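Enquirer: Sequence:
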Amino acid sequence: MLVAAAVCPCPPLLVPDVAAGAAPELDAARSACADALGVLAAARPDLLVVVGPAGTGGSGSFPEGSEGSFSGFGVGLTVRLGEVPEGSPVPERGLPASLAVGAWLLARARWTAAPAEGLGVEERSSAADCERTGRDLAARADRVALLVMGDGSACRTVKAPGYLDERAVDFDAAAVRALGSADLAALRALDGSLAHELKVSGRAPWQVLEGAARGAGLGGQLLYEDAPYGVGYAVAAWS
1 MLVAAAVCPC PPLLVPDVAA GAAPELDAAR SACADALGVL AAARPDLLVV VGPAGTGGSG
61 SFPEGSEGSF SGFGVGLTVR LGEVPEGSPV PERGLPASLA VGAWLLARAR WTAAPAEGLG
121 VEERSSAADC ERTGRDLAAR ADRVALLVMG DGSACRTVKA PGYLDERAVD FDAAAVRALG
181 SADLAALRAL DGSLAHELKV SGRAPWQVLE GAARGAGLGG QLLYEDAPYG VGYAVAAWS
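Numbering (the numbering used here), first residue to last: 1 to 239.
One thing to keep in mind: the hints can contain errors.
Stated by the list, open to error - Ranges between beta-carbon positions, derived for each pair:
#, residue 1, residue 2, range
1, Ala-189, Glu-122, 15 to 25 Å
2, Gly-219, Asp-136, 22 to 32 Å
3, Asp-129, Phe-73, 39 to 49 Å
4, Thr-78, Asp-170, 36 to 46 Å
As the list claims (entries may be wrong) - DMTMM-like, lysine to aspartate or glutamate: derived pairs with alpha carbons at most 25 Å apart:
#, residue 1, residue 2
5, Lys-159, Asp-17
6, Lys-199, Glu-122
7, Lys-159, Asp-136
8, Lys-159, Asp-170
9, Lys-199, Asp-27
10, Lys-159, Asp-183
11, Lys-159, Asp-27
12, Lys-199, Asp-226
13, Lys-199, Asp-165
Keep in mind that the hints were calculated from the coordinates and are not lab data. Given the structure is predicted, the values throughout are model-derived calculations rather than measurements. Just so it is clear, CB atoms sit at the ideal spot from N, CA and C, and this is done for glycine as well.
Just need the whole structure built from these sequences, with the hints factored in.
Expert: What follows is the structure, given as C-alpha cells:
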C-alpha cells in the first residue's frame, strides 16, 4: 500500500552544479523538496520508488544502484539511486534525467530509510496505463513510498522553452490544486493531449501517483509553487 508520496520538479537546474551562478534562484524549491523527502522518511516505508518522465529509451524499471550522469548538461557529476546490493553488479543502464535529479535529491538528503528503485514513464502514456502502473507499484510492498518527479507547463512566458501559451496558467493551476490537496479525481482528469501541447513533463508521473494512491486515504500539502524560467514547478507531500 502507498503510505506517502513526495512530488518534486525535475529540471537539471535543481542541481547546483548544473545551475552554476543561477543556483540560488531555486533554493526555495530545493528546501521544499528536502521537506517533502522528510515526510517520506517519517512514513517508514519498506520500499521507495522514484517515478519520473522519460523518453522511449529511458522508460521502464531501474534497480537499486542505477547510476545517472549530468555530463549531457556540461557537468561531470554522477549520481546513484541508492546502493548496489552486495554481490550484485552495477546496473548498466543509465538513469534518465528526471530520475537522476531524483537520485541527487535522495543523496542530498542522505536517504537511508528504505531501498530505492526507479521507474521511467513515457510522457505520452495514457491515463489508464499510468493508473495501472500506479496500482502495481502500490502492491510491491506493505509500505510503499513514491518520489514523483515532473514539471508543469513549459509555456508560461515568452521566454519559456515552449514560448507563451495562454492555456498554460490554467492547466498548471488545476494540477497544483490537485497535487496540493491529493485530489485523485482531478489528477485523473488532466488532459494528456493538452499536457503534451503545453510541454508538461509531469502529467504521466502524476497519474501514476493517482493510481497508486487509490484507497490509501492520503492527504496532501503544497510546499512550493512557482514558474521560474517560464516553467511550472510544484512540490507537494502526501501522507
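Enquirer: Does each hint fit the structure? Answer for all of them.
Expert: Hint check:
Here the CB-CB span from Ala-189 to Glu-122 is close to 20 Å, well matched to the stated 15 to 25 Å. As the Cβ distance of Gly-219 to Asp-136 is approximately 23 Å, the hint placing it in 22 to 32 Å holds. One distance hint, 39 to 49 Å for the beta-carbon pair Asp-129 and Phe-73, is violated here, with the actual separation near 29 Å. The beta-carbon spacing between Thr-78 and Asp-170, approximately 39 Å, falls within the hinted interval of 36 to 46 Å.
Taking the CA atoms of Lys-159 and Asp-17, the gap is near 23 Å; set against the 25 Å cutoff, the hint holds. Annotation: proposed proximity of Lys-199 to Glu-122 holds, straight-line Cα distance about 13 Å (limit 25 Å). With a CA separation close to 39 Å, the supplied pair Lys-159 and Asp-136 exceeds the 25 Å bound. Among the hinted pairs, Lys-159 with Asp-170 is consistent with the structure: their alpha-carbon atoms are about 18 Å apart, no more than 25 Å.
As the CA atoms of Lys-199 and Asp-27 are separated by approximately 24 Å, the hinted pair is consistent with the 25 Å bound. At most 25 Å may separate the alpha-carbon atoms for a hinted pair to count; Lys-159 and Asp-183 exceed this at roughly 31 Å. A threshold of 25 Å between alpha carbons decides the hint, and for Lys-159 with Asp-27 the separation of about 21 Å falls inside it, so the pair holds. As the CA atoms of Lys-199 and Asp-226 are separated by approximately 16 Å, the hinted pair is consistent with the 25 Å bound.
Restraint check for Lys-199 and Asp-165: the C-alpha separation of about 10 Å stays at or below 25 Å, so the hint holds.
When each numbered hint is compared with the structure, violations occur for hints 3, 7 and 10.
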